[in-house]
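**Student:** Full structure from sequences and hints, please.
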Amino acid sequence: MKKVLLNGCEASAEGALAAGCRFYAGYPITPQNRFPEYMSERMPEEGGVFIQAESEVSAINMVYGASAAGFRAMTSSSSPGISLKQEGISYLAGAELPAVIVNMNRAGPGLGDVTPSQSDYFQSTRGGGHGDYRTISLAPWSVQEIYDLTYKAFDLADKYRNPVIVHADGITAQIMEAVELHLRRKRLPEKKWALTGCRDRMPHSVKSLALTPGVLETHNWKMAGKYRKIEQREILCSKYMCEDANLLVVSFGTCARICYDAISMAREEGIKAGLFRPVTLWPFPYEELARQAGKAKKIFVVEMNLGQMIDDVRIAVKNNIRIFFYGRPGGGVPSSEEIFKEIKKI
Amino acid sequence: MKTIYKRPESLTANATIYCPGCGHGIIQRTIAEVIDELGIREKTVGVAPVGCSVLSYDYFNMDVSEAAHGRAPAVATGIKRCLPERIVFTYQGDGDLAAIGTAEIVHAAARGENITVIFVNNAVYGMTKGQMAPTTLLGQRTTTSQKGRTPENNGFPVRVCEMLSALEGTTYLERTTIGSIPDIIKTKRAIKKAFTYQIEGLGFSLVEVLSTCPTNWKMPVSDAMKWVNGVMTVTFPPGVYKDKAAFDKSSDKRDEEK
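Sequence order for the protein chains is D and R.
Residue numbers for the first sequence follow my numbering, so the first one is 308 and each next one is one higher.
Residue numbers for the second sequence follow my numbering, so the first one is 45 and each next one is one higher.
Keep in mind that the hints were calculated from the coordinates and are not lab data.
There could be a bad hint or two in this list.
Calculated pairs, DSS-like style, for lysine-lysine (alpha carbon to alpha carbon, straight line, at most 30 angstroms) [said to hold, decoys possible]: (1) R:Lys87 with D:Lys498; (2) R:Lys173 with D:Lys493; (3) D:Lys309 with D:Lys493; (4) R:Lys237 with R:Lys297; (5) D:Lys498 with D:Lys466; (6) R:Lys46 with R:Lys173; (7) D:Lys648 with D:Lys605; (8) D:Lys546 with D:Lys651; (9) R:Lys297 with R:Lys232; (10) D:Lys605 with D:Lys579; (11) D:Lys529 with D:Lys514; (12) D:Lys499 with D:Lys546; (13) D:Lys602 with D:Lys652; (14) D:Lys466 with D:Lys536; (15) D:Lys546 with D:Lys514; (16) R:Lys297 with R:Lys230; (17) R:Lys191 with R:Lys237; (18) D:Lys579 with D:Lys625; (19) D:Lys466 with R:Lys87; (20) R:Lys236 with D:Lys514; (21) D:Lys648 with D:Lys546; (22) D:Lys514 with R:Lys87; (23) D:Lys514 with R:Lys50; (24) D:Lys533 with D:Lys605; (25) D:Lys514 with R:Lys288; (26) R:Lys297 with D:Lys514; (27) R:Lys288 with R:Lys230; (28) D:Lys602 with D:Lys625; (29) D:Lys499 with R:Lys87; (30) D:Lys514 with R:Lys46.
Restraint ranges, calculated between C-beta atoms of paired labels, are given here [claimed, not checked]: (31) D:Ser642 with R:Lys173: 55 to 65 angstroms; (32) R:Glu196 with D:Arg621: 53 to 63 angstroms; (33) D:Trp528 with R:Glu196: 32 to 42 angstroms.
Given the structure is predicted, the values throughout are model-derived calculations rather than measurements.
Glycine included, C-beta positions come from ideal geometry on N, C-alpha and C.
**Tutor:** Have a look at this one:
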């Protein structure tokens with residue numbers, strides 16, 4: 308298939324359109340400005356709705372409305388904007404509305420910097436907003452993969468009626484790579500719960516308020532069952548040279564890609580290093596990581612933050628194995644050579 | 045025997061949990077009557093955000109979405125843009141619309157979204173038991189302005205119709221009250237016009253209804269009704285603040301006459 312040259316914003320947008328997303332609302336923020344710009348052109352071409360909202364808060368609530376109306380709907384932003392969307396994401400989760408939120412992670416806290424980072428890991432994997440809920444979080448490491456995973460995100464969102472985060476970063480947002488646009492969803496799932504007017508049926512409501520005693524607890528238990536199913540069924544991870552590795556490098560997204568080259572360097576010098584890359588950050592591949600770690604003697608976690616995924620790695624391997632960490636917070640991006648040097652120290 | 049008064053089809057049989065003398069019952073019934081009369085119940089989607097107004101999803105016999113506090117105009121925008129043939133309205137209180145949701149209401153109005161907003165202004169936060177609202181009158185005592193609202197501490201009440209009338213995107217803005225039977229009839233006429241304009245695709249309409257909250261005003265119901273028309277209307281004068289469609293229609297007529 309013919310490939311086209313796109314950056315990560317454009318590829319993610321194409322993945323969404325291929326998945327049948329017909330509603331996008333967004334707000335400018337670097338490094339994902341290309342996303343609303345591209346959608347403002349492409350969405351109307353596909354017969355969908357593009358709105359530049361007055362804020363990230365409003366954008367996520369427009370997505371809430373579009374999703375309630377039965378449409379596949381999305382928004383994109385970067386870290387400070389994603390913080391603003393957390394109220395809406397909590398409401399989406401509570402009302403069990405599907406939606407896709409792309410986060411092109413930049414460095415924080417606060418206004419931080421526009422440089423790439425992975426410091427929103429906790430926010431993506433622990434819920435982010437208020438209440439007992441989870442969001443599926445997908446972490447692409449290339450422009451092709453952000454296309455594929457954004458497409459997949461819509462299927463997962465509909466399957467579980469839950470918001471899905473595509474957790475990328477400023478590098479994936481802005482690099483250009485050749486992408487195969489090989490997907491096209493022809494038939495969308497029927498949404499009998501959607502608010503379309505109550506012709507020939509009883510009225511529906513979409514809500515997260517439950518004032519009657521006990522109802523909210525029951526609702527939360529029902530959602531817990533859903534989250535358990537997601538944990539059982541939807542884990543994705545990828546492995547590179549793990550079979551004989553005695554040093555398992557654990558990294559995700561862009562950082563994993565940098566580690567990939569560092570591992571090749573290590574192999575050339577006879578160091579048996581392998582790469583374990585969680586693709587779903589939640590649900591996290593605990594069991595598979597524990598299995599791989601059992602064969603290795605040491606684990607080396609590399610992240611573009613102060614060490615957030617390391618908590619999940621510890622949950623996976625408990626205290627059975629020594630964990631080393633190298634991180635670059637605040638927009639620092641390590642080079643492969645830098646990581647290779649760290650590998651040699653272990 | 046002839047039935048002269050019954051529950052509109054657009055209201056459910058659920059008993060409301062509003063306080064005695066609360067205006068929500070009157071206003072929600074009025075909306076329901078209008079929706080029945082226009083025959084649009086089966087294609088209408090309501091949006092109820094946070095405050096006493098949120099409970100309306102139990103009372104409107106039609107599709108209703110809840111929204112986060114203040115965000116109803118954004119949620120309504122999402123629904124209406126996806127389903128332009130449906131009739132979409134929001135039902136919002138003063139704290140919701142004129143404080144936490146000012147960005148959403150201003151920009152939905154500026155975009156000229158073809159939706160209808162019913163804005164219930166009772167000058168107080170009702171559900172949270174009577175704190176100062178953006179529309180609380182100067183001198184009015186609330187639980188967070190116990191000696192009365194002062195401009196020095198609390199600034200001035202927000203006049204929503206006046207403020208939105210400056211935006212080109214708005215089509216129809218009217219302020220009414222529920223302080224007397226003729227006023228309730230006027231309110232119904234305004235709400236009907238707002239929905240009719242949406243059906244005709246004429247753009248953004250908002251009806252601000254001055255309403256009662258005897259519980260938090262700490263007033264007998266009869267006094268509350270008098271307070272709406274006698275006191276609130278001084279700060280919030282009822283009237284049509286914009287009717288672009290009527291203006292356009294009359295100028296078309298004048299052009300024809302020429």
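**Student:** Does each hint hold? Answer for all of them.
**Tutor:** Okay, the hints, checked on the actual structure:
Distance hint between Lys87 of chain R and Lys498 of chain D is fulfilled; the C-alpha atoms sit about 17 angstroms from each other, no more than 30 angstroms. Of the pairs offered as hints, the one joining Lys173 of chain R and Lys493 of chain D is violated, with about 51 angstroms between alpha carbons and a cut-off of 30 angstroms exceeded. Distance check on the hinted pair: Lys309 of chain D and Lys493 of chain D sit about 21 angstroms apart at the alpha-carbon level, within 30 angstroms; holds. This hinted pair checks out: Lys237 of chain R and Lys297 of chain R have alpha carbons roughly 19 angstroms apart, not beyond 30 angstroms.
Between the alpha carbons of Lys498 of chain D and Lys466 of chain D the distance comes to roughly 11 angstroms, so the proposed pair stays at or under 30 angstroms and holds. Taken as a hint, the Lys46 of chain R and Lys173 of chain R pair is broken in the structure, with Cα atoms around 42 angstroms apart against an allowance of 30 angstroms. Our distance criterion of 30 angstroms between C-alpha atoms is met by Lys648 of chain D and Lys605 of chain D, whose separation comes to about 16 angstroms. Straight-line distance between C-alpha atoms of Lys546 of chain D and Lys651 of chain D comes to about 21 angstroms, which keeps the hinted pair within the 30 angstroms bound.
The suggested pairing of Lys297 of chain R with Lys232 of chain R holds, with an alpha-carbon distance near 26 angstroms, which does not exceed 30 angstroms. Between Lys605 of chain D and Lys579 of chain D the alpha-carbon distance is near 11 angstroms, which keeps this suggested pair within the 30 angstroms criterion. In summary, the hint linking Lys529 of chain D to Lys514 of chain D is supported, as the alpha carbons are separated by about 15 angstroms, within the 30 angstroms threshold. For the given pair, Lys499 of chain D sits about 40 angstroms from Lys546 of chain D by alpha-carbon distance, which is inconsistent with the 30 angstroms threshold.
For the proposed pair Lys602 of chain D and Lys652 of chain D, the alpha carbon gap of about 20 angstroms is at most 30 angstroms, so the pair holds. Of the supplied pair hints, the one linking Lys466 of chain D and Lys536 of chain D holds, its CA atoms being roughly 11 angstroms apart against a limit of 30 angstroms. About 41 angstroms separates the Cα atoms of Lys546 of chain D and Lys514 of chain D, which puts this hinted pair outside 30 angstroms; it is violated. Using a Cα cut-off of 30 angstroms, the hinted pair Lys297 of chain R and Lys230 of chain R holds, with the two alpha carbons roughly 25 angstroms apart.
Taking the CA atoms of Lys191 of chain R and Lys237 of chain R, the gap is near 40 angstroms; set against the 30 angstroms cutoff, the hint is violated. A C-alpha spacing of about 23 angstroms is found between Lys579 of chain D and Lys625 of chain D, which places the hinted pair at or below 30 angstroms, so the restraint holds. In summary, the hint linking Lys466 of chain D to Lys87 of chain R is supported, as the alpha carbons are separated by about 27 angstroms, within the 30 angstroms threshold. With a CA separation close to 27 angstroms, the supplied pair Lys236 of chain R and Lys514 of chain D stays within the 30 angstroms bound.
For a cut-off of 30 angstroms, the pair hint linking Lys648 of chain D to Lys546 of chain D stands: about 21 angstroms separates their Cα positions. Of the supplied pair hints, the one linking Lys514 of chain D and Lys87 of chain R holds, its CA atoms being roughly 19 angstroms apart against a limit of 30 angstroms. A distance of roughly 29 angstroms separates the Cα atoms of Lys514 of chain D and Lys50 of chain R; the hinted pair therefore holds under the 30 angstroms criterion. The hinted pair formed by Lys533 of chain D and Lys605 of chain D fails the criterion: a straight-line CA distance of about 34 angstroms is larger than 30 angstroms.
Using a Cα cut-off of 30 angstroms, the hinted pair Lys514 of chain D and Lys288 of chain R is violated, with the two alpha carbons roughly 35 angstroms apart. Distance check on the hinted pair: Lys297 of chain R and Lys514 of chain D sit about 46 angstroms apart at the alpha-carbon level, beyond 30 angstroms; violated. With a C-alpha separation of about 19 angstroms, the suggested pairing of Lys288 of chain R with Lys230 of chain R holds against the 30 angstroms cut-off. A distance of roughly 15 angstroms separates the Cα atoms of Lys602 of chain D and Lys625 of chain D; the hinted pair therefore holds under the 30 angstroms criterion.
Distance restraint check for Lys499 of chain D and Lys87 of chain R: the Cα-Cα separation of roughly 15 angstroms lies within the 30 angstroms cut-off, and the hinted pair is therefore satisfied. For the hint pairing Lys514 of chain D with Lys46 of chain R, the CA-to-CA distance comes to about 39 angstroms; that exceeds 30 angstroms, so the pair is violated. Between Ser642 of chain D and Lys173 of chain R the beta carbons are some 59 angstroms apart, a value that agrees with the proposed interval 55 to 65 angstroms. Between Glu196 of chain R and Arg621 of chain D the beta carbon distance is about 55 angstroms. The supplied range of 53 to 63 angstroms therefore holds.
The hinted window of 32 to 42 angstroms between Trp528 of chain D and Glu196 of chain R is violated, with their beta carbons roughly 51 angstroms apart.
Consistency note: the structure conflicts with the earlier hints numbered 2, 6, 12, 15, 17, 24, 25, 26, 30, 33.
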